[in-house]
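K.L.:
Residues per chain, in single letters:
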Amino acid sequence: MSQPEGSAAHAAGDVEYHALVMPEPKRDVLARRAAIIADLRAIVPGEGVIDTEIEMRPYESDGLTAYKQLPLAVVLPSNTTQVSKVLAYCHANGVRVVPRGAGTSLSGGALPLEDAILLGMGKFNAILDIDFDNRTVTAQPGVTNLGITNAVVHNGFYYAPDPSSQIACTIGGNVAENSGGVHCLKYGLTTNNVMGVEMVLITGEVIRLGGQYLDSGGLDLLGLIVGSEGLLGVVTEVTVRILKKPETARAVLVGFPSSEAAGECVASIIAAGIIPGGMEMMDKLAIEAAEAFVKVGYPLDVEALLIVELDGPEAEVNHLIGRVSEIASGLGCMTLRASTSEEERMAFWAGRKAAFPAVGRISPDYYCMDGTIPRKALPRVLSGMIDMSAKYGLACANVFHAGDGNLHPLILYDANKPGELERAEAFGRDILLLCVEVGGVLTGEHGVGVEKRDLMPSMFDETDLAHQQRLKCAFDADGLLNPGKMFPQLHRCAELGRMHISRGQVPFPDIPRF
Amino acid sequence: MTPPTTADRLRARDEADVVETVRWAVSEGRTLDVAGSGSKQALGRHIQTDATLDLSALTGVSLYEPAELVLSAKAGTRVAEIEALLVASNQMMAFEPMDYGPLLGRPRGEGTLGGLMATNLAGPRRPSAGAARDHALGLRAVSGRGEAFKAGGRVVKNVTGYDLPRGLSGSYGTLAAFTELTIKVLPRPETLETLLIYGLDDATAAKAMSAAVGSYYDVSGAAHVPFGVTGHIPALALAGSSVTALRLEGVPPSIRHRREKLEALLAGFGTLGRLEAESSAKLWQALRDVEPFAGDHARAVWRVSTAPMKASAIGAAVAEAGGACFYDWAGGLIWIEMPDADPRAELVRGVLAAVGGPQSGGHATLIRADAATRAALEVFQPLDPVTGALVKRMKDGFDPSRVLSPGRMYAGV
Chain A
1 MSQPEGSAAH AAGDVEYHAL VMPEPKRDVL ARRAAIIADL RAIVPGEGVI DTEIEMRPYE
61 SDGLTAYKQL PLAVVLPSNT TQVSKVLAYC HANGVRVVPR GAGTSLSGGA LPLEDAILLG
121 MGKFNAILDI DFDNRTVTAQ PGVTNLGITN AVVHNGFYYA PDPSSQIACT IGGNVAENSG
181 GVHCLKYGLT TNNVMGVEMV LITGEVIRLG GQYLDSGGLD LLGLIVGSEG LLGVVTEVTV
241 RILKKPETAR AVLVGFPSSE AAGECVASII AAGIIPGGME MMDKLAIEAA EAFVKVGYPL
301 DVEALLIVEL DGPEAEVNHL IGRVSEIASG LGCMTLRAST SEEERMAFWA GRKAAFPAVG
361 RISPDYYCMD GTIPRKALPR VLSGMIDMSA KYGLACANVF HAGDGNLHPL ILYDANKPGE
421 LERAEAFGRD ILLLCVEVGG VLTGEHGVGV EKRDLMPSMF DETDLAHQQR LKCAFDADGL
481 LNPGKMFPQL HRCAELGRMH ISRGQVPFPD IPRF
Chain B
515 MTPPTTADRL RARDEADVVE TVRWAVSEGR TLDVAGSGSK QALGRHIQTD ATLDLSALTG
575 VSLYEPAELV LSAKAGTRVA EIEALLVASN QMMAFEPMDY GPLLGRPRGE GTLGGLMATN
635 LAGPRRPSAG AARDHALGLR AVSGRGEAFK AGGRVVKNVT GYDLPRGLSG SYGTLAAFTE
695 LTIKVLPRPE TLETLLIYGL DDATAAKAMS AAVGSYYDVS GAAHVPFGVT GHIPALALAG
755 SSVTALRLEG VPPSIRHRRE KLEALLAGFG TLGRLEAESS AKLWQALRDV EPFAGDHARA
815 VWRVSTAPMK ASAIGAAVAE AGGACFYDWA GGLIWIEMPD ADPRAELVRG VLAAVGGPQS
875 GGHATLIRAD AATRAALEVF QPLDPVTGAL VKRMKDGFDP SRVLSPGRMY AGV
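Same order as they appear, the protein sequences are chains A and B. Residues 1 to 514 (our numbering) make up the first sequence, in order. Residues 515 to 927 (our numbering) make up the second sequence, in order.
Everything labelled a hint here was simulated from the structure, so no lab data went into it. Just so we're clear, the structure is a prediction, and the values are computed from it rather than from any experiment. Please note that a few of the clues may not be correct.
One-sided excerpt, in silico: chain A residues whose CB lies under 7 angstroms from chain B [unchecked claim]: (1) SER84; (2) ILE130; (3) ASP133; (4) GLY211; (5) GLY217; (6) GLY223; (7) GLY227; (8) GLU247; (9) ILE270; (10) ALA315; (11) ARG375; (12) ALA377; (13) HIS467; (14) CYS473; (15) GLN505.
Here are the simulated lysine to aspartate or glutamate pairs, EDC-like style, with alpha carbons at most 20 angstroms apart [claimed, not checked]: (16) LYS68/A x GLU114/A; (17) LYS68/A x ASP454/A; (18) LYS664/B x GLU462/A; (19) LYS906/B x GLU462/A; (20) LYS244/A x GLU777/B; (21) LYS664/B x ASP464/A; (22) LYS906/B x GLU205/A.
Built from N, CA and C at the ideal position, the CB exists for glycine as well.
Start from the sequences and build out the full structure, keeping to the hints where you can.
P.N.:
See below:
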């Protein structure tokens, strides 16, 4: 699996596995490698171009570690002019480009290609402007997500989207992936919190979209850029809105005898008109793993645990804590605790926030999935996962952004046991296909990348995908930016642009006229 | 059948009709103006097309699940109908879509869901709750290639593929004709109140609003109405000075707590007042729908989005030219009415560029002007050449034959 290539599928036992096929490397680019590196060194001098195997190793993979590939070279520009010149050079010379922030993508968005330069944005690590009166921060894309909050927290402000990798992931990567987090039901995803970007097109042209003001006043290009997974351009500056930190936050920890009951509680809270700051669910295996790891007093006799956090002005939070507690009690919860101190609230969260490493302690490896479902389909999806668990012989722990229906099943496997990784991947694929079947989607916040690329046809037909790819053609007609990601098939833009309606061939439709 | 004439409204009954009509237009080299009820036909550049593609018969809410916070409806469904349905479940479109009726001299309640998304409507809650774009989850549409496609999904959190539902918001029918839309809906606040500050000049009001929305107290609307403009809003008509209005929404104990804290925070700014729920609702609707400038439809009206603290400089330039304005979004949105039909575009765009410095200061859209003016002027904020070329390439991809509302936003698009 480390060098994905070759046959589209191979069979192992009674399960069919699909190997990842990446675009065929361009032979001419590989042949010109030394000259290309020399040319790039003229643009980004000194240590800005890395070409030795040992130094490129750290870049061979991102957070989806099953896939590894060394790039043609790693290029680390330090200003917009260099990015512009590098991209213009690559455009003129047909060299592919894979942009990378901190490399925390869980979907292989920053997986290198053999014939592509890896454009690392880590040197763009400055905060350029903090404007409390207008409530914005402008930062270079390599600033970490948490770095933005840290820069404004002294005045009681924060940046709302908080992906679990926030200590490491960059704001540029957040823009590429439209990252979420536990607070996005109430405060939105990255796209709802980004106001502007400076971006370099593959031609080297630099554009600005948005700024310290709201909406675009025309076509919403910014809305397209956010979540485009590095396929449309390279962001070199980001302006985000910052919010005042809520005055108070309190959480309720509720245990239920079944996931269905917990799901009903979530639906009832929302039906009561309450949008919690965070609403997380864990299943029994996740609860046990988390409690064994952080020992914060999670109840171990329940099947599902909910953490419901209310934030805002103190009077409102106290009022809503009462209402949520009433709802939970009315639905037969087994345990119910409302936090009475900041320490207690943090303890409620400690287990949830440590859920991934906690699962990592009870299994040599785990594979984190990311589908979203209509919440009412939760019982069906959970029972489907129990069947799949038996079919593949692998355990699965579930953590769930319950408020917005975003599932994170963690499939436990051991990469050292032959066939287990392939089984884990097939299990994961089945979970995502079930998510789509019940009306959900392949990815809620981790992105398509290479991981879910080949599943796109389960959600979108050819016409749907062709319309998405025509956008790509408007930005990058030669398909040089991050090829092999998001789309299962690469179509030539000339082919996508062709019209199949001929002059005078379509009769006037027989429809009402006024 | 005889070919249609300019006056024809081709009323599609379903998506298949839309596909057929667009295919016919492509085949015959005709142009179509994409419209729902037609309530916003006076927005954008003035264009003439061979016929109107009327989507107003594509109606009906196809999915509404309050507990999932999701609603889908055909593009021609009236916004008013959707709002009534949501109210029955104590929910709302949190972006508080404005009704252009009063400003454009048409009845209220004509707008459709498709038009709402095609023009990316918003209201006073925009800074905290977003615009229509922020609530777009999924869509079905027919592109200028005569092909029906879908994008997005029907769940509230989804990053699968390019974000076309957001990318097509605000596209004024120039890339695709929407046939069905899915949006996120949210619980509506139990009640509301408005805290008023009397007598602030525009720059001081900006500071007061910044302090209020930057506080812990969840201010969900912050507007400043200069003296004079106040006379056109019944709730403020007797104020005798400018009025700065701060809206608090939620459960009663929370509102009381927040109002008291805000009163303490803002006491130094000026004399404070208060509006109860009913008059508050009327005030915020009047501001949302720009009622102060609904009186004389011959006067040019601009909508300017900028950084809140830069707004008062723009307001001052407008006042000097004899225009009037008021501020929403804590200053980030300026509604400008000129003293006559002359939009004075150079003045508005010039001062906007000046306050922006090296970056763009924001965007100015000419909302109300006669057809000749809207045919001659850039109605939307002009694009730089690189972005303009990019937008043309997007049009090439979605509508290569320039069939769908060509020129409504930008010449050649």
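K.L.:
State for each hint whether it applies.
P.N.:
Here is how each hint holds up against the structure:
no.: 1; hint: SER84; result: violated (11 angstroms)
no.: 2; hint: ILE130; result: violated (13 angstroms)
no.: 3; hint: ASP133; result: holds (5 angstroms)
no.: 4; hint: GLY211; result: holds (5 angstroms)
no.: 5; hint: GLY217; result: holds (3 angstroms)
no.: 6; hint: GLY223; result: holds (3 angstroms)
no.: 7; hint: GLY227; result: holds (5 angstroms)
no.: 8; hint: GLU247; result: holds (4 angstroms)
no.: 9; hint: ILE270; result: holds (6 angstroms)
no.: 10; hint: ALA315; result: holds (4 angstroms)
no.: 11; hint: ARG375; result: holds (6 angstroms)
no.: 12; hint: ALA377; result: violated (10 angstroms)
no.: 13; hint: HIS467; result: holds (5 angstroms)
no.: 14; hint: CYS473; result: holds (6 angstroms)
no.: 15; hint: GLN505; result: holds (5 angstroms)
no.: 16; hint: LYS68/A x GLU114/A; result: holds (10 angstroms)
no.: 17; hint: LYS68/A x ASP454/A; result: holds (18 angstroms)
no.: 18; hint: LYS664/B x GLU462/A; result: holds (11 angstroms)
no.: 19; hint: LYS906/B x GLU462/A; result: violated (24 angstroms)
no.: 20; hint: LYS244/A x GLU777/B; result: holds (18 angstroms)
no.: 21; hint: LYS664/B x ASP464/A; result: holds (6 angstroms)
no.: 22; hint: LYS906/B x GLU205/A; result: holds (16 angstroms)
When the structure is compared with the earlier hints, violations turn up for hints 1, 2, 12 and 19 and for no others.
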